[in-house]
Structures are given as structure tokens and as C-alpha cells.
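**Student:** Letter by letter, the chains look like this.
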Amino acid sequence: MSTGISMDRVDQIIDSYGCQRHHLIAIMQDIQAEYKYLSPEVLERIAEKLDVGVAKVYSVATFYENFSLEAKGKYIIKVCDGTACHVRKSQPIYTAIREYLELEGKQKTSADGLFTLETVACLGACGLAPVVTVNDKVHSKMTPELAIELLEELKKEEAAL
Amino acid sequence: MAKGIMYIDGQRVPFDGETNVLSVIRKAGIEMPTFCYYSDLSVYGACRMCVVEDERGKIETSCSMKPRDGLSIRTNTARLLKHRRMILELLLASHNCSCTTCEKSGDCRLQELAMRFGVRRVRFGDSREESQLDDSSPAVVRDPSKCILCGDCVRVCGETIGMGIIDFAQRGYNMRVSPAFNRTLSETHCISCGQCSAVCPTGAITVYNQIGKAWRAIHDPKVRTVVQIAPAVRVAVGEAFGLPAGSNALDQLVTALKYMGVDEIYDTTFAADFTTIEESREFLARLENGGPFPMFTSCCPAWVKYLELENPKYLKHISTCKSPMEMFASIVREHYQEKDAQDGRTTFHIAIMPCTAKKMEAARPQFRHNGKPDVDLVLTTQEIINMIKESGIQLPQMELEAPDLPFGLGSGSATIYGTTGGVAEAVVRHCMPDKSRNTLRALEYSPLRGNDSIREATVQVGDREIHLAVVHGLIHAQELLKEIDAGNAYYDLIEVMTCPGGCVGGAGQPYGLKQKKQERTAGLYAADRSAPFKRAEYNPVVTSMMDAYTPDQRHDLLHVDYTK
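Chains as they are written, first to last, in my numbering: chain A, 721 to 881; chain B, 1194 to 1757.
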């Protein structure tokens, strides 16, 4: 879990852009690259330093799908749902993982904070469809069973740590 | 400034300096429908109601189109009408159409335009997630289910007030106007100025309605209702009854309130004279003791709230004088204590204000005594208009009746508190040693009056030159503070009003653009000229009461410390 965002580091990133308003998106991208998500405190600090309203920063952050306002798990699982993966049955994989992780409603991260499940439009690996990535490592020609196996392995590794 | 001839629906229309085609169309006498266009705000082009068609059949929004010589457009082609009806139908599809019981019913732009364009059925269902009503603010109520996403509130909050409390969140059909993190207004730095509710074309943001509480007090025989009427109310209340903006309907309002059953009716100008004298005294004392400067006026509760939340280092600069409303309330509290004990009634104090922030001010802990607020209830001009209408009273037909004594008499300089520059002018009038008529005349033409957002004036008081600034529209005050912070500006006294135009443009007033606010201002200046006395110190009741107060009493009744 990426708890403990260092506000000093956040300040550093904002300062590196000279506290300029028009760098808002770049600043948020850099912070997210480091901490995987943007916490309310981060957005408030950005607003304060750029001298814009928090509502405006929140507005931009919620407009782009790419920005996450929720903390993410250690493993980010992306199930490709592009056209090729979709016709080769990516949806059952997604559903199986959801059920395995016991995600409900809009919940994306498992209760133990280990896994975050997302879909992605196309990873450009259509020849390997259906594709699942775990922290950007590509797993090709997946099935629901293979996906669950993969998660169980990761869980075992975690338990051994 | 561009000049030329345009053709609107085949008719020659000259233009001269208009910034967009929409204003030229309106000048030509065609009421182009809009939701998101306000001449006082930036052009947004979101509602698409003001679309026009050019000769090639291209459709464009007229609000964002520059007038050009020889330009030819049509405003009412079959395609345009079809578009407008479709826009309305789609807006209604995702709108909570509980119109008859809506706060805004009868005054809603969506209702009006749907009626005008004959939209009688909606073919689409509302698939939005249910939204929460936000009634956490003392001033306004937000109902996102009625929002049409025109962004007027977002722009007024950001561009005019400079607060940026609300903005769009999410996107596509999940888009909402909301404070950051979906917080309620009370969890933000909202200063309750209410301008968002003033520009909202629908019932998505409305003023917190407290009419029911007012009627209960008025109808209770054990309760004595005592009313004070703020200066800016008198020049706007008549608008809802067909009187021109700026006509002074104070005396008719007094009669109407008597008919409605209010016991005693006073004028806030009475307390404004106290404010002028106390604020001047404080200012002169600061001149002697060397500061802190600039001294800020304290009449505008939204301004005080802004400093408190966003710029607390300037709190000690703000005058310790209570606002006229709260001075009045302390005087009423003192005055009726004994009377209440004698006749067994309780006094219920209602302030009729042009302002939504006054509702917030009345609820401040500093203005509570013995567990009870000094002002029991603040009604806006619009609320009192609704109550008069509910009573069936025809305001223009009311006989004239002056406010009651002893608290119904104010000077001319107190009347102009209702417009930008008024408080500063009242203080200057009081401080200037030369009391001749000509000094008053000279002040009329000084920069204290006018409509520029930041106005500066220099006056001579004794052997000192006093630098004054008058600011309206909170964003300009924020700019000025930055200049002061940077050491680029110096002033001794700064008057700040959050709303553009001052209190005449308050969010509790019937909505009006710049033109209307200026007419109301003219009405206040006319009332000043016809007032029997123009300076606070000539108010006989005020001076005799002042003389009778001990310094402690004066401090308790008339001053407040916002830093505590």
C-alpha cells in the first residue's frame, strides 16, 4: 500500500514546475507516478501552491480517467477489454477476478489492500489476446482459471514475505 | 471598438462596440434565449440556446461570435427552433421537474423557456444517480438534481468573488457542479455571499428560505416582532411590483409590514449612523496611535468571513465596529429587555437585508447573548417580496408611512451605505471638519462614487492626507491585498463590499444586471439628497444615546472582536 505520501516531496514536485497553474496536469501526473494516486491532502496542497481553488483542481483530477483519487493496491491488475481481447472473452476473466477479490459495487481495490483491478481499452498486444497485466508485466492468452492461479501465486509470495 | 452594419433576419442593424453578436441581436429587440450567458461574466458557450444560422447554413452560438461588418445571420430558422427544443427536452430529461413545489417556481429560466418553446413532453428518462440535497450552508441550499450545468455559479464564484468554492466534477453524464471532494458547503471556505444563487437560472442553488419562521413569529401574540430594514432593500423591493428599479418604496414597505402584523418597524440607517460615528472615532484613534493600517470596513459579513478563512493576518486591520445590522440588534436587545419583562412578551428581531451572508452573520457566536442570537431572523429582499405577495398586498398602492421612532431615523449618509463607496463617504463626511454644503457637493464628484472596481481617493483631514480605496467584487479586494502585501500600494482606509455594486447588488435582491444596480444606486443617492440631514453626527437620537453610553456600554454594544 502506498500510504505515507511525503508532503515535502509533493512540494518539491510542484516547485520544480515553478508553481505555474498551466502545469497543473503535469504536476498531478508526476505525483501520481510516485504515489500511484492523489490524496485529498495532495490536491489541497496543489491548490494552495498554485493559488487556484481546490474545486478546480478536483475538477481536473476527476475529469481525466487517468487520475486516481483512491489509494491503489500493491499489485495493479489490468484486464484488457479492447476489441480483440473482448471477442476472445476477456469479460469472464474480469468477472472471475472480481469475484475472487470480493469486490463490490464501485470498489476497485481488495480489502487487504493487495490488489487493484482495472480494465484498459487496448494494450496493443492483440496477438496475445486476451491479455492481463500485473504491475505492467504482461500475461498472455489468459483464461479465468489461469488468472486465479496467478493471483493465488502472488498471494502465497506475499504470505512468505 | 468594431463598428458596422449587420443583417439580422434580413434587417439592417448597426453595431458599435458590442462584444458579441448576441448583444446586437438583443439590441435589435429580439429576446434571444440563454442559460449560460451573463454580460457581467466571461462567455462560456455551453447552453447552445443562442445559436444562429449564417448564410451558408452554419450554426454557431451568438454569444461567442464577434460582430462583423456585413455579417448576415438568421435567428429563428426551422433548424434553430428544432435545436432549441431538443436542447430543452434533453435538459428537462435530466432535471428534477418538481416545478410547482420548487423554490424557484415562477422565476425559473428553464421553466420559462420550456414554456416559450412549447416543450410539452419529454421522451427520455433520467438515468442519473440520485444526488444529495446540501442544506448545510446558512445562506443557500444546493439541489444538484435541478442543475443544468450552465456553469454560471462556477464562473461567478471564481471570476467575480474569487473564491472558486464550486466547480464541475467528473465528466460526461456523471458531471456535477460541486465543491471539491463532494463536500458540503459548510465544509468549504464558502463565505455565504450567495451570488451563485443569484445567477442560477433554475432551482439548483436557492437562498435558504426562512419565511415560515417569520410568519410563526408574526402570528404569535406572545411575540413582539421588531423589524429593521436595510438601505438597499428600499430601492429594490418595488421592482417585483412593477415599480422602476431605484424607486424608494421604504414608506410603502412600512405600511405593508404593518398590514402583515409586524409590531415595530425601524430603519437600519439609524444604526448605520452609529457605525459611521464609531468607525470614524476608531479611524481617528488609529491615526493618532499609528495604525494598524489599512483599516478595513466591517459592514460586509462575507468580506469579514473571507479574511477570517483565507487571510487571517488582516483580521486585526478590520474595524472593530459591528455591522449596522448587529449594532441595531444590540440596541434592540438592550431597549426591549425591560419592556419584555414588563409585558411578558418576547421580542423577535427580524432584519430585512439585501444579503444572504447576513444570515450567516446573524448565526455567528459573537452575536449571541444568553443563548439567543441578537438578530433572530434575517429575511432577504426576495423573501419579503414573497411574503408581501402571499399576503395579497399591492405594494405600490400602499399609503406612505415613515418607520417608527425612536429607531426609524437615519441620516442621508447612512442611506448610501447600500451602495459601493457609501460607507467610506459617510466616514469622510463625518471626519471632515468643513461641514459646508460645498464639501458634500465636492464628494459627489469624487472617486468615492462610481462603478470602477477599485477606486482611490485622497482627502484632507486636518493636517493629514488620507488615502482611501473603495473596492467591490471580492476578487478585486483579493488583488488589492496582494498589491499591499507586495508593498506596491498603501491606503489608510479601505471599504470592501463582496458583491459587485455593493449591497444594491446583494444576492438577496431581485436579480439585476449592472444597469439595474446603477439605477438602485441612483435611488439611494436621491434619498440622501432629500434627507433632512446628511451627516451621522446630526442625527439627534443617535447623538443623545451616544452621549448617555458609558465607554463600557459603547464597547459592548457597538464593537466586536473577530479574532476571538
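Hints were generated in silico from the structure; no laboratory data involved.
Hints are supplied without guarantee of correctness; some may be wrong.
[Said to hold, decoys possible] List of simulated lysine-lysine pairs, DSS-like, C-alpha gap at most 25 angstroms: (1) A:769 / B:1196; (2) B:1251 / B:1275; (3) A:798 / A:876; (4) B:1196 / B:1259; (5) A:828 / A:794; (6) B:1675 / A:769.
[What the hints assert, rightly or not] Here are the computed distance ranges between Cβ atoms for each label pair: (7) B:1754 / A:737: 39 to 45 angstroms; (8) B:1706 / A:737: 19 to 25 angstroms; (9) B:1444 / A:783: 52 to 58 angstroms; (10) A:824 / B:1323: 14 to 20 angstroms; (11) A:768 / B:1409: 52 to 58 angstroms.
No residue lacks a Cβ here, since even glycine has one placed at the ideal position from N, Cα and C.
**Student:** All hints, please: hold or fail.
**Tutor:** Status of the hints after comparison with the structure:
Simply put, residue 769 (chain A) and residue 1196 (chain B) have alpha-carbon atoms about 44 angstroms apart, too far for the 25 angstroms limit, and the pair is violated. Between residue 1251 (chain B) and residue 1275 (chain B) the alpha-carbon distance is near 15 angstroms, which keeps this suggested pair within the 25 angstroms criterion. This hinted pair checks out: residue 798 (chain A) and residue 876 (chain A) have alpha carbons roughly 20 angstroms apart, not beyond 25 angstroms. For a cut-off of 25 angstroms, the pair hint linking residue 1196 (chain B) to residue 1259 (chain B) stands: about 11 angstroms separates their Cα positions.
Distance check on the hinted pair: residue 828 (chain A) and residue 794 (chain A) sit about 12 angstroms apart at the alpha-carbon level, within 25 angstroms; holds. In summary, the hint linking residue 1675 (chain B) to residue 769 (chain A) is supported, as the alpha carbons are separated by about 15 angstroms, within the 25 angstroms threshold. About 41 angstroms separates the C-beta atoms of residue 1754 (chain B) and residue 737 (chain A), a value consistent with the hinted range of 39 to 45 angstroms. Taking 19 to 25 angstroms as the suggested C-beta distance range, the pair residue 1706 (chain B) and residue 737 (chain A) does not conform, at roughly 39 angstroms.
For residue 1444 (chain B) and residue 783 (chain A), the Cβ-Cβ distance of about 54 angstroms falls inside the hinted range of 52 to 58 angstroms, so the restraint holds. Distance hint for residue 824 (chain A) and residue 1323 (chain B): a CB-CB separation of about 19 angstroms, consistent with the stated range 14 to 20 angstroms. The beta-carbon spacing between residue 768 (chain A) and residue 1409 (chain B), approximately 44 angstroms, falls outside the hinted interval of 52 to 58 angstroms.
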